[in-house]
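Student: Chain by chain, the residues run as shown.
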Amino acid sequence: MSKKDTIFGALLFLICLLLLNETRNFYSPPDTAAGPALWPRIILGLLAALSLALMYAGYKNTPKKQQESQAAGAAAGSRDSLAKRLFGLTPGNKRVLAAMFATMVFLLLFQPLGFIISITAYFLVVTYILEPTKKPKQIGLRIIQALALTAFIYMVFGKGLSVRLPAGIIPVTWLL
Amino acid sequence: MRKEFIKILTVSMIILLCFSLAGCGQSPSSSQGAASGSKEAVNPGNSGAEPAQTPALDYPKGSITAICPWTAGGSSDITFRSYLSYVSKEIGTDINVLNVTGGDGSIGVNQALGMPADGYTMAMLNYDILSNEIKGITEDSYKDFAIINLFTLQGVNLVVNSESGWETFEDFRQAALAAKAAGKTLQIGVNGFWLHAAGMMADAAGIKDCVVFVPSNGSSELMTELLGKHCDAVTTSLTVALPHLESGAMKILGTMAEERMPEFPDIPTFKEMGYPNVIIAGFRILAVHKDTPPEIVAYLREAGKKAFDNPEFQKWAGDAKADPVYMDAEETVKYLENLSPTVKQTMSNLGLI
Amino acid sequence: MGFLDGLLMVFQLHNLVLLVLGVILGIIVGAIPGLTATLAISLLLPFTFSLEASTALIMLIGIYVGGIYGGSITAILLRTPGTPAAAATSLDGYPLMQKGEGGRALGIATSASFFGGQISCIFLIFLSPFISNFAIKFSSAEYFALAIFGLTIIFSVSGKYLLKGVIAGLIGLVINTVGFDVIVAYPRFTFGIRSLMIGFPLLPAIIGLFALSELLRLFEAGVSNDDTIHDNVGRILPRWSDLFHLKWVFLKSSLIGTFIGALPGAGANIASFVAYSECKRTSKTPELFGKGIIDGVAAPEAANNAVTGGALIPMLTLGVPGDAVTAVLLGALTIQGLQPGPLLFRDNPGIINSIFASAIVGNFVMLFIGLFLAKAIAKIAIMKKTTLIPIIAIFSMIGAYAAESSLAHMKIAVIFGIGGYVLEQMDFPLAPIALSIVLGSLAENSFRAALIRSSGDWRIFFHSAISIAFLAIAAGSVFFALRNQYKASKQSSGGVGL
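Residue numbers (our numbering), protein chains in the order written: chain A, 1 to 176; chain B, 1 to 353; chain C, 1 to 498.
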């Protein structure tokens, strides 16, 4: 429990209010005993109450010192702490962010480029994020692995299960 | 490490073998197994049936995708796949079914309309094409499609538990009125569009205030509801109720079809019982985008008719109780035009719009 | 005598080959995240057009048995449940793997699956009419009570952060309401965005929550040279002492699985969580759950495979499928021109007997192949991390995409992966979210159906002994969970240890 929880609780509470407001727009037959809004309202009501509890628990359990220093930090200027946070990323955090970014790009390009290029490229990028290398031998091995994986995916999903994998800019019919 | 590598390789080979064996079964429609794509179009004649070919038409060149807006393995999906396998024989190319579910069928329909109007994407249209448009959930309409043909028309029946003692619909109606007088209601189990059928019936029979429509998670759950006597009646198709009708556990009080069912010639229609407007059925229609070149549409219509008349399809549909009915494009459009205002009226009576 | 005929039928060479093939195919499909037995059977359905009825069913039942089991392999090895039904297995299976006891977990999972499958077959053969009579006593109020009972499992899978676990469960329930409301068929919480109309389907959500979020954690941990996730999976063949120790867990979980399978509204996904929680509740060492205990692997695996026999009960006796897979099997029977239901026993006893026999033989095949193949598949886990992580990521995403060739499903998996990672960083357990996504629509729909039925009278939930019993157990387990929490927090220096 920490200040993070207080912030998350507050955020959750706001989302609950927003969604509760949205339930008023649900279409409901005039004389029904249980319309579409009933269940979401019960759940959101409970969630809103518990998010307040989370805020309280987070506030109460944050050690006093931490509270003060955090408050001081906030007062001293958020720019400083923000910059500190950005540059204070561990290598692990950076890898996670890079992986998330690579995955987003993969989602965007999967359809237009087709599965062959996007899967191969994604494999290479992700292995690079995990273990950067400049050795040509290593890179060559990875390219072979990536192509083998793509072929395997094509056999299992495309051929075996007749899933429509997007061909993109390389028509699959060339391969066969 | 070498040993490990060989083991992994062996497992991969087993996997590939399994999938390629399974893959052979994917498309019984294409006579020569899974080899779709460019090779296939060269010899469309190898399926035995004479392809309905117009010399000038350069179609179909590759495989066709047909969008089913319902989950794989459901009764709509099974019937659609079966019918398409015979259509595919007529046109001599693969038709791959793609299930695009969600939004009460509207997602799949919308996706079909988003594809190029080149005849390589087909779609199945169901009752929801009418109700979704009426509700304003989607702007897509059956008018955005060029209808190939209608291939099944599934009548809706009012089914009760045999132990209820009701012999006719009139018995049921009286029981409903009596229940109301006693301050109670009868419960009719419904699911999906059968709610509309039940509402239409209750409205016409003047028992709207005497019944509640209890939603259920699926047509099969309706059967346990009725067997367990949690509901007084259900509206459903013949398919799910048939085993219980034959075993005598359930009984049909009336059918909302235009004419009596061939399987149960003794069951009266609601029309005969004096409710001429209580006619409703679930339909399945094969269609393509309306901007598809007319010669392709004409070609597909011819193939669709031949596929429907194929005795093998007729036998299958009879065995599976899929209610095969053929309507050509013109008849189908007329049917939908007539049905649409009725659906709207029913939904407004039910408070759904 | 009839059953012997069925056995002879299954042991005909072509039938046996197809059965073995079906089980292998099922295991593989089950093990790949995103591909389920339901999908495999749906896709293979057209193939069965051309087969004889009993042969087709023998193969499909092989896939069913193998498919439910297969999910456990990847759940244990990689914390990537191949099917939603194996999500509960990863709760203890993966910690066991991390302790270097992956082989033991796999062996237990395989034998539990075998045991669960066989127990349910015995029920299927001897007690079908009795169980189906009980199953039709369930209506909306009883289903709601069952769902609530299931949701209280949140209290037992939340670990030390109870408040956060409950919040996570509620978030899951809210996620479930996005999309189309099935009762009035209008969209909810879509804010006019069409792609939200499909809501958040179960399969991509589970893939994201478990598989992709775990991968992000591995990214954070990073790799060193030649780093593998595990050096060793150890011996797979289970020890007699383990099996003896687990005998009651096996039996109880199998009964739970058989019964939940027989209910038309609930399937393997729910059964595995219920069995896990029940096992933890009655265990002498509940504090070891979640940290790697074989009981926590045995319970969900025995239960989810027991669902196979259970779900066949209403299908054969009532013509009503017990879960999603049997719904498709029902379609297969229809394609064959057979009418499932009460008259099948009279008109086609041969079919019934071959179904019985193939379920039993299929379980044996699964046991042997499982113990053999698991060893080979387990080698995957000793691949280099640098190679393995992208492979799982790609398989997970393509698996999410596969069912409907839908990019939207793939996006949902990624969103849940990132969301799950962030929540786990903040000490929110993910199992409650998965559980409430599994149970959410059953809870809501039966809740509303019951109220509509009673014209808004809430007392309907207390009308039958079944629903009262479930609600009472639910209330009891919430009470004990809160009491334990309170005691624990009192001990730890008075802080609010929520």
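Hints are computed from structural coordinates only; laboratory data are not their basis.
Some hints here could point you the wrong way.
[As the list claims (entries may be wrong)] For lysine to any residue, the following SDA-like pairs were computed, each having C-alpha atoms within a straight-line distance of at most 25 Å:
1. A/Lys3 with A/Leu18
2. B/Lys321 with C/Lys490
3. B/Lys135 with A/Phe26
4. C/Lys490 with C/Val182
5. C/Lys379 with A/Ala53
6. B/Lys184 with A/Lys3
7. B/Lys271 with B/Lys143
8. C/Lys411 with A/Tyr27
9. B/Lys229 with C/His463
10. B/Lys135 with C/Val182
11. B/Lys184 with B/Asn161
12. A/Lys3 with C/Gly192
13. A/Lys94 with C/Met426
14. B/Lys344 with A/Leu18
15. C/Lys411 with A/Thr32
16. B/Lys208 with A/Tyr27
17. B/Lys251 with C/Phe345
18. C/Lys160 with A/Ala53
19. B/Lys143 with C/Asp427
20. A/Lys3 with C/Pro349
21. B/Lys229 with C/Ser441
22. B/Lys229 with C/Lys137
23. C/Lys411 with A/Tyr154
24. C/Lys160 with A/Leu52
25. A/Lys60 with C/Gly159
26. B/Lys321 with C/Pro349
None of the values given here were measured: they were computed from a predicted structure.
Student: In ascending order, which of the hints set out earlier in this document are inconsistent with the structure?
Tutor: Numbers 2, 4, 5, 6, 7, 8, 12, 14, 15, 19 and 20, in rising order.
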